[in-house]
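Enquirer: Protein chains in written order, with the numbering used here: chain U, 1 to 125; chain A, 1 to 125; chain G, 1 to 125; chain W, 1 to 125.
Hints listed in this document are in silico derivations from the structure and should not be mistaken for laboratory results. Do not rely on the hints blindly, as some may be mistaken.
Identical copies look the same in the list; a pair holds intra-copy or inter-copy alike.
Stated by the list, open to error - Straight-line distance between alpha carbons at most 20 angstroms, and here's what the computed SDA-like set of lysine to any residue pairs gives:
1. K69 <-> G21
2. K98 <-> I83
3. K98 <-> L4
4. K69 <-> P123
5. K69 <-> S9
6. K98 <-> G14
7. K98 <-> N118
8. K98 <-> S9
Read off the chains here:
Protein chains: 4
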Amino acid sequence: MVELAPPPSEDFQGIWENGLGSQMELSVQGNDVSGIYRTNVGEPTPTEEFDLTGFASGDLITFTVNFGKYGSLTAWAGQHTVIRPGEFEIKTLWHLAKNIAEQNEPKELWSGILAGANSFVRPTP
Amino acid sequence: MVELAPPPSEDFQGIWENGLGSQMELSVQGNDVSGIYRTNVGEPTPTEEFDLTGFASGDLITFTVNFGKYGSLTAWAGQHTVIRPGEFEIKTLWHLAKNIAEQNEPKELWSGILAGANSFVRPTP
Amino acid sequence: MVELAPPPSEDFQGIWENGLGSQMELSVQGNDVSGIYRTNVGEPTPTEEFDLTGFASGDLITFTVNFGKYGSLTAWAGQHTVIRPGEFEIKTLWHLAKNIAEQNEPKELWSGILAGANSFVRPTP
Amino acid sequence: MVELAPPPSEDFQGIWENGLGSQMELSVQGNDVSGIYRTNVGEPTPTEEFDLTGFASGDLITFTVNFGKYGSLTAWAGQHTVIRPGEFEIKTLWHLAKNIAEQNEPKELWSGILAGANSFVRPTP
């Protein structure tokens, strides 16, 4: 039996931006998160869209985006938090796996994972 | 338009174990990964099952598991690799987000993320 | 022979703050970084000081702080960058190792590492 | 006043290997760790040596290595543990900061940090 998890306690639904030209649009159904991740938003280069899947429970969220077209997959883990009344942030850390040529794997495998932090906020109206 | 990613180049389908009493059973459809993550496998404590969702492209995989029942969500990113002929490993790093009490968030928010490494291999027959 | 590394290209010397009540005071000699890390700066609780050691080369810096009194050690890795002309930031990721009771180690060892991000800026005059 | 930390409870002193052609030789004085990190050990390519500095307290250790000659600095955080009686391991996670060209920094800064895991054991006699 798959274990029951508390539903999201926060409103993750809708659009979030990371301030670096990326935007995500989340749909939440129970604990399931699905959506679209957009890069180069508001830039001369065309906006590109990538599939997103994940989970939300309580004020926590994890999600992953399929950047396979560019040879990488990224997974985020984070928490919804209140910056100030009415202003919200999803504070995350991420790992990005990118392909390492097969012949270099034994020594370099770990060098195929990048790490970083992202804060997502609601777009300014 | 959602961007096209190369399909998985490796066989991620089926059962993988991490040697620490956890097991996952993956289903792959195109780039979409779904499945079940089991803990306490082979122990006196009962096996528990948790939902898993993610992506695979080339030899890369990302996935997240809904441990919301236990107040956490975990996201893995990694790569399929050959240890020796016929023996395979998914080498991953993970972030686990766990709930921080609201009143402690401003100072402790980052302390809500644990990090680690897991290697998943095929179960010994 | 120990390999030669380029000297720091940025001015890491002096006081930096992380906006969460912590402050560090760095001394740089060649590639060697030493200093003091202060917590609870500007708060009613007394300021505490902890030893810091690390390296700087080019615009990169790594350092670790001895929080052993509180059962943990933390290591940062990051880069000096320009936010806007005359305004600088050291953007870092960190791992904090904290003690796990010996009997829990086999299963929980990885859960002894927390991860996070810190941005250090010059104190406002 | 710099806070007092418990001394190391484990014997970190001496040579440790990561099984990927790297070796470190640690000296411990109180909580201070210094040493040399060697790469390409036992390979046709010549062994190179890099400075190491860090801390140990209880069974925890953090250290950083100056790979500045190769444009990177790495910081490890981990714990000494017993694999089986008489066999020890230092299980670590690391961040490697590598230089990002100044003009690419605003968007790519976080992509300058790699993450990974290393297990160090005593060399086989």
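Enquirer: Work down the list of hints and note, for each, if the structure agrees.
Expert: Quick rundown of the hints versus the structure:
no.: 1; hint: K69 <-> G21; verdict: within (18 angstroms within a copy, 33 angstroms between copies)
no.: 2; hint: K98 <-> I83; verdict: between (33 angstroms within a copy, 19 angstroms between copies)
no.: 3; hint: K98 <-> L4; verdict: between (33 angstroms within a copy, 16 angstroms between copies)
no.: 4; hint: K69 <-> P123; verdict: neither (27 angstroms within a copy, 31 angstroms between copies)
no.: 5; hint: K69 <-> S9; verdict: between (34 angstroms within a copy, 13 angstroms between copies)
no.: 6; hint: K98 <-> G14; verdict: neither (28 angstroms within a copy, 23 angstroms between copies)
no.: 7; hint: K98 <-> N118; verdict: both (18 angstroms within a copy, 17 angstroms between copies)
no.: 8; hint: K98 <-> S9; verdict: between (33 angstroms within a copy, 14 angstroms between copies)
Checked against the numbered hints above, the structure violates hints 4, 6; every other hint is satisfied.
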